Amino acid sequence: SPLFLLGRIGMTTFAYLIFHATWRGIPWDYAEAAKIDGAGPFRIFWQIYVPQILPMVAVLFVLALVGCLDDYNQTVVWLPSYPMLGYGLYYFKGQAQIKGIGRPVLLAAYTIIGLISAIMYLSTQNLILTKMSVGTLKQ
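Reminder that position 68 of the sequence shown reads as 151 in the working numbering, one-by-one numbering, no gaps.
Heads up, some of the hints might be wrong.
[Said to hold, decoys possible] Derived SDA-like pairs: lysine to any residue, alpha-carbon spacing no greater than 25 Å straight-line:
#	residue 1	residue 2
1	Lys-176	Leu-189
2	Lys-182	Leu-172
3	Lys-118	Thr-105
4	Lys-176	Gly-150
5	Lys-118	Tyr-132
6	Lys-182	Thr-194
7	Lys-176	Leu-148
8	Lys-182	Tyr-193
9	Lys-176	Thr-194
10	Lys-176	Ala-191
11	Lys-182	Ser-200
12	Lys-176	Ile-202
13	Lys-118	Leu-100
14	Lys-182	Ile-202
15	Lys-118	Ala-104
16	Lys-118	Pro-134
17	Lys-118	Ala-98
18	Lys-176	Val-160
19	Lys-118	Gly-108
[As the list claims (entries may be wrong)] Derived DEER-like restraints, expressed as beta-carbon distance ranges:
#	residue 1	residue 2	range
20	Met-203	Trp-129	21 to 29 Å
21	Phe-128	Tyr-174	40 to 48 Å
22	Val-188	Phe-102	40 to 48 Å
It should be emphasised that the hints constitute simulated quantities derived from the structure, not laboratory data. Note that the structure is a prediction, hence the values are computed from the model and not measured. Beta carbons are placed, not taken as given, at the ideal position from N, Cα and C, and that holds for glycine.
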């Protein structure tokens with residue numbers, strides 16, 4: 084369920100600390116220069132601040148997705164009709180032991196689930212790393 088993923092991104096302590104540190108790290112000089120050039124508050128927010136916080140949002144999204152994929156307890160307790168990959172892998176491992184499925188098949192299942200996280204990271208890698216080398220203003 085997409086709402087479960089949004090709930091994982093929600094106001095957790097870690098996400099709050101990351102948001103707070105990112106907002107505090109953006110210098111006010113950018114907004115001041117945009118104000119001098121005639122930009123309004125809406126334009127300052129969307130054209131200056133949002134591009135600078137997009138890598139942080141991408142990082143939190145990847146971490147929340149990996150956390151949802153690996154979550155077992157909350158899925159079984161709160162969303163039994165929407166099993167996640169952690170529960171599916173646990174169920175598959177149990178069925179493999181009962182039916183005598185070999186270790187290579189289990190390793191293939193682990194690899195497929197690991198590929199989901201790797202593909203998610205690789206698809207957001209450019210967004211995450213582009214803003215890492217953004218210069219600052221001269222003081």
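Quick rundown of the hints versus the structure:
Among the hinted pairs, Lys-176 with Leu-189 is consistent with the structure: their alpha-carbon atoms are about 7 Å apart, no more than 25 Å. Using a Cα cut-off of 25 Å, the hinted pair Lys-182 and Leu-172 holds, with the two alpha carbons roughly 15 Å apart. Distance hint between Lys-118 and Thr-105 is fulfilled; the C-alpha atoms sit about 21 Å from each other, no more than 25 Å. For the hint linking Lys-176 to Gly-150, the alpha-carbon distance of about 20 Å falls within 25 Å, and the restraint holds.
Restraint check for Lys-118 and Tyr-132: satisfied, since their Cα atoms lie roughly 13 Å apart, inside the 25 Å limit. Between the alpha carbons of Lys-182 and Thr-194 the distance comes to roughly 21 Å, so the proposed pair stays at or under 25 Å and holds. The hinted pair formed by Lys-176 and Leu-148 meets the criterion: a straight-line CA distance of about 22 Å does not exceed 25 Å. Between the alpha carbons of Lys-182 and Tyr-193 the distance comes to roughly 18 Å, so the proposed pair stays at or under 25 Å and holds.
Straight-line distance between C-alpha atoms of Lys-176 and Thr-194 comes to about 14 Å, which keeps the hinted pair within the 25 Å bound. For a cut-off of 25 Å, the pair hint linking Lys-176 to Ala-191 stands: about 12 Å separates their Cα positions. Simply put, Lys-182 and Ser-200 have alpha-carbon atoms about 28 Å apart, too far for the 25 Å limit, and the pair is violated. A distance of roughly 23 Å separates the Cα atoms of Lys-176 and Ile-202; the hinted pair therefore holds under the 25 Å criterion.
Using a Cα cut-off of 25 Å, the hinted pair Lys-118 and Leu-100 is violated, with the two alpha carbons roughly 28 Å apart. Our distance criterion of 25 Å between C-alpha atoms is broken by Lys-182 and Ile-202, whose separation comes to about 31 Å. With a C-alpha separation of about 23 Å, the suggested pair Lys-118 and Ala-104 falls inside the 25 Å cut-off, and the hint holds. Pair hint Lys-118 plus Pro-134 holds up; C-alpha atoms about 17 Å apart against a cutoff of 25 Å.
Distance hint between Lys-118 and Ala-98 is unfulfilled; the C-alpha atoms sit about 30 Å from each other, more than 25 Å. A threshold of 25 Å between alpha carbons decides the hint, and for Lys-176 with Val-160 the separation of about 20 Å falls inside it, so the pair holds. Between Lys-118 and Gly-108 the CA atoms are separated by roughly 19 Å; this keeps the pair inside 25 Å, and the hint holds. Evaluation of the 21 to 29 Å hint for Met-203 and Trp-129 yields a pass: the beta carbon distance comes to about 26 Å.
For Phe-128 and Tyr-174, the hinted distance range of 40 to 48 Å is satisfied, since their beta carbons lie about 46 Å from each other. Separated by about 42 Å at the C-beta atoms, Val-188 and Phe-102 satisfy the suggested range of 40 to 48 Å.
Hint violations for this structure: numbers 11, 13, 14 and 17, all remaining hints satisfied.
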